[in-house]
Amino acid sequence: MLLTVKHTTRYTFAGEVTHGLQRLRLKPKSTHGQEVVDWRMELDGALPEAAYDDQHFNHVDLVSIRPGAPEVVVTCEGTVRTVDNNGITGPHTGLMPLWCFLRPTPLTRPGSRVRQMLASIEADRSDVLGFLHVLSTRIGEMVEYVAGATDAHTTAEQALAAGKGVCQDHAHIMIAAGRLLDVPMRYVGGYLRMDGQTEQEAGHGWAEAHVAGLGWIGFDVSNAICPDERYIRVATGCDYAEAAPITGIAMGAGETRLDVHLSVGEDGVQAQQQQSASGGQQQVQGG
Amino acid sequence: MLGRAANGVFWMSRYLERAENTARLIDVGFHLALTRGSRQSQDEEWKSVLTTTGLLDDYCAKHADFAGHQVFNYLLRDRDNPGSVLSMVENARTNARVVRTSLTNAVWETTNEGWMHLRDLLARPVRETNLGEVLTQIRRTGTLVRGAIEGTMLRNEVFNFSRIGTFIERADNTARILDVKYYVLLPSAAWVGSSLDNVQWDTLLRSVAGNRAYSWLNAGSMDPRGIARFLILDGQFPRSLIFSYEKIRSNMAGLAKQYGHEVPAHELLRDAGARLHQLTIEEIFEGGLHEFLQDFIGKTIEIGNAIAADYRFNA
Amino acid sequence: MSAVSGTNFDEMLDADGSVRPAYAEFRDWFDGQDKAWLQRQDAEAERFFRRIGITFNVYGDDAAEERLIPFDMIPRIITAREWRKLTRGIEQRVRALNAFLQDLYHRQEIIRSGRLPIEALRNNEAFLTQMIGFTPPGGVYTHIVGIDLVRTGPDDFMVLEDNARTPSGVSYMLENRETMMAMFPELFTRIPVRPVSDYPRRLARSLRACAPPAFRGDKGSRPVVAVLTPGIFNSAYFEHAFLADQMGAELVEGNDLRVVDGRVCMRTTTGYKAIDVIYRRVDDDFLDPLSFNPASQLGIAGIFDVYRAGGITIANAPGTGIADDKAIYSYMPEIVEFYTGEKPILQNVPTWRCSEADSLGYVLDNLADLVVKEVHGSGGYGMLIGPTSSKKEIAEFEAKLRAKPANYIAQPTLSLSTVPIFQKEGLAPRHVDLRPFVLVSPDGIDITPGGLTRVALKKGSLVVNSSQGGGTKDSWVLDE
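Chains as they are written, first to last, in my numbering: chain D, 1 to 287; chain A, 1 to 315; chain H, 1 to 480.
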């Protein structure tokens, strides 16, 4: 499938920014069955400072906010060819050892609720893959998808306690529980073309589990499926914090408004619709 | 050099200068209070010392009366008072630590030793019997550090920022001392020189260590206009306003030469300096001495702020 | 260690009380001096240190904000032969440490080979995944290393601890020598002592040899080096200022710096100027609020991104703490052999890992004879010295140990060597250790002859840390 993406992130600052930096993980790579046909990023109100690949082999751009700029607009546009591999991303590559994906992170540290949920699942644990599917379904049942119910700092345990959250909370709970089973787990940030609609609420996030013999396998708890050719992988990490599309600091920014426009279309046909979210923190809340 | 280091050198010098000036004000206040009979006029003297240092309100918030030992201990060693000599010498030394790598060992060591010595002297309340020793030590610290700077520092940006700090502070201090006592120089009912005026004039000169120099230049005769001219416009007297500005100017010129360009503060300074050179003492009196001093103090603050901004003292 | 006196190795005197050759010349001089004069010199040394401001701040001790580390004027003397052997051992160990770090942050062959269990890293916060896949400029991770050595016999030096993060104390090594030369110049004409004073120059050269790819060296310019300090309230501020001064480098704080044009730049009076190599004395966690502790005020937002993109060299590299972790320490013999293919020249102190059930059992049974240390602790805090502890202290420690055994390692109480200190009553033996300072650059490994000798001033005490009442001595390596 040939997917076209246009993703605009606009930060509007109430105050005058004296110094600010943003770390962008917004550039997909041609790996694991997806091919980036073309990709462009444009900055308005910001300047490129440094670019490199991080420990997860994500492409990272560090940009600075032009002092005094009233807003920063980051626009990514491109075309990516995807295939349906039944959710299987494939063998582990790169230098991050698999055991690193077993370490709890601040956002995925399991607590009593994650443990209780896991204990309540009556399924054959020797069938790891089968169990993970059951787990994914259970999380979807227990945590209702409610946009805006949580933020970028919500932990797996908190989201489970609240019983509602967004895609990234689903992924974090999946990751926390999977690691308790000694399955290496990671977070994937990217885009999803929702059926029949080009305009998307926001970027998407899901979990991947590493299962012996198969490699990494995706679980999109929010949509109760394994990722297919409608998914574009952009960045991975041990949790959202390591794969976040934009993180940063802005001194003097004051109240900051965040607007995201995202369209993911098929074969060049696309429309646009505006979706607004507002946040004091400069972090994009995934869907 | 780092903007933060320039800031440190600048303020180290300012604090040392201010500490020394405060010591001199205490000295004069103490002598005057000794020579004044009534408790009320003694209080007035201490009050004017507190006013000059800008600490009257803070003092009154803490103390109910102006007993001499209470005032000078407040000015010398009260840790809650950021304008106390102890606080300022500590600040000077802290700044010296911050910029240690920009200073010669001699400058650092004299600053550090001066602080150690004063800290010991000021560890217990100061009594009238050892006030003299304490004040001498404060003045000596300032003198030694300035001497070490003069004698060991390269004539570069570090030196320039230090001198600019010293003379901005000095210009400010001399102007404030004059402003608090300006009325004793005004032609008034007291114009006919009474003995009280003579004492007041002498006090004023002592406050800026100018009594002997003035007498020497004027063969012992005192008149208010002459004193004002001496403190404002005498280019030979190292605590006059014009002398201080000349030093700021030459050190700012040094910076412009090293850096190869001027900054907005140069322009401000040039304007203010030119005004000072054009004025005669008669014109100053005509326009109002108090108004002149207020304007001067405001300009000096403005120049100090411009230097801090132009040379990136702070992030 | 030496709760039992009489069994330790006395570095000055041999068993029958005669002076060992290393100290012969010194002792000869010492015996010829007027003791009252020596005492006056001793007092003079302290005044000297205070005046120049060699003080350190003790954590959790408000009253003594700036304290002096006591200096003892009797030098610690090492012969040329002893030093040669030490040098070989230190070089081997430092080479292994650097190779170990390179491996840990790349293919982790040592783990694949089974020589090091994953558990040593898994719950270890000193292992920074952000460093994975990145090779620092020049391939150097540990630009400055301090190896803490203890001696138990004529030829028995052992490594007590590796300091691969930000070893401190080198300014004391230099000032102690300065002081000795000022007080007793004639000693140095009588005895050939190898100089240490060029350490700052060698440090600067070593750092400059690790310039990042972004350094172009136009018109023969040299890489710009800066020392990053947390500020004047840090316990080692004096040393930061001292080293910056001696190297002719700027002493910077986090708020002097920001990312400008893809480089980490310092705010000067005339604008932002790029730094090529930053010798940071700020811990990993505080280095970059964008990458590590977001609450840090001491670091520079974005420095880590610039680092990975080749815009700056950070010395020591972030993540080197994993190599001096006490849990890793116990594997050092295997690590040295794995990367150098040689048997370790310097031995480790035998160490029980309390995370292992058998070892824990042994440690619990023998607490009164052992030294137990926190795996992640430093500075002599949070440790138990069995032989000098009360029953109550041991019982309290046992509870902590049982609660979290993986947090502790245990070592036998060693019979640490002694060197005399100067007292009114005459010379008195006290326990010492030695921290030689090692510089690593692509040009090689450079060990300054001597190092910092720390001495436990209290009779019988084995704790030499300055924060716990230890002092320092000048350390002499005799020339051939």
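These are computed hints drawn from the structure, not numbers from a lab.
These numbers come from a predicted model, not from an experiment.
From the three backbone atoms N, C-alpha and C, an ideal C-beta is built for every residue, glycine too.
Be a bit skeptical, because a hint or two may be false.
Partner residues are not named here, just some residues of chain D that face chain H (Cβ under 10 angstroms, in silico) [what the hints assert, rightly or not]:
hint : residue
1    : M41
2    : D44
3    : D53
4    : S64
5    : R66
6    : A69
7    : P70
8    : V73
9    : G90
10   : H92
11   : G94
12   : W99
13   : C100
14   : L181
15   : E242
Subject >> Hint status (Cβ of D:P70 to nearest Cβ of chain H, threshold 10 angstroms) >> reply: violated (21 angstroms)
Subject >> Minimum beta-carbon distance criterion (10 angstroms), D:W99 to chain H >> reply: Status holds, d = 5 angstroms.
Original post:
Per the CB criterion, is D:L181 less than 10 angstroms away from chain H?
Top reply: violated (16 angstroms)
Original post:
Would the hint on D:V73 stand, with a C-beta cut-off of 10 angstroms toward chain H?
Top reply: violated (20 angstroms)
**OP:** Go through the hint on D:G90 and say holds or violated, using the shortest Cβ distance to chain H against 10 angstroms.
**Re:** Because about 19 angstroms separates D:G90 from the closest Cβ in chain H, which is outside the 10 angstroms limit, the hint is violated.
Subject >> Interface hint outcome for D:E242 [beta carbon to chain H under 10 angstroms] >> reply: Since chain H brings a Cβ to about 8 angstroms from D:E242, closer than 10 angstroms, the hint holds.
Original post:
Does D:S64 meet its interface restraint, that is, does its C-beta lie within less than 10 angstroms of any C-beta in chain H?
Top reply: holds (6 angstroms)
Subject >> Status of the D:R66 interface restraint (C-beta, 10 angstroms, chain H) >> reply: With a closest approach of 12 angstroms, the D:R66 hint is violated.
Original post:
Holds or violated: is the Cβ of D:G94 closer than 10 angstroms to a Cβ in chain H?
Top reply: Hint holds; D:G94 Cβ to chain H Cβ min 7 angstroms, cut 10 angstroms.
Original post:
Is the interface hint for D:M41 satisfied, with its Cβ closer than 10 angstroms to some Cβ of chain H?
Top reply: Result: violated, 16 angstroms to nearest chain H Cβ.
Original post:
Going by Cβ atoms only, is D:D53 closer than 10 angstroms to chain H?
Top reply: holds (7 angstroms)
Original post:
Going by Cβ atoms only, is D:H92 closer than 10 angstroms to chain H?
Top reply: violated (13 angstroms)
Violation of the numbered hints given earlier is confined to hints 1, 2, 5, 6, 7, 8, 9, 10, 14; the remaining hints are satisfied by the structure.
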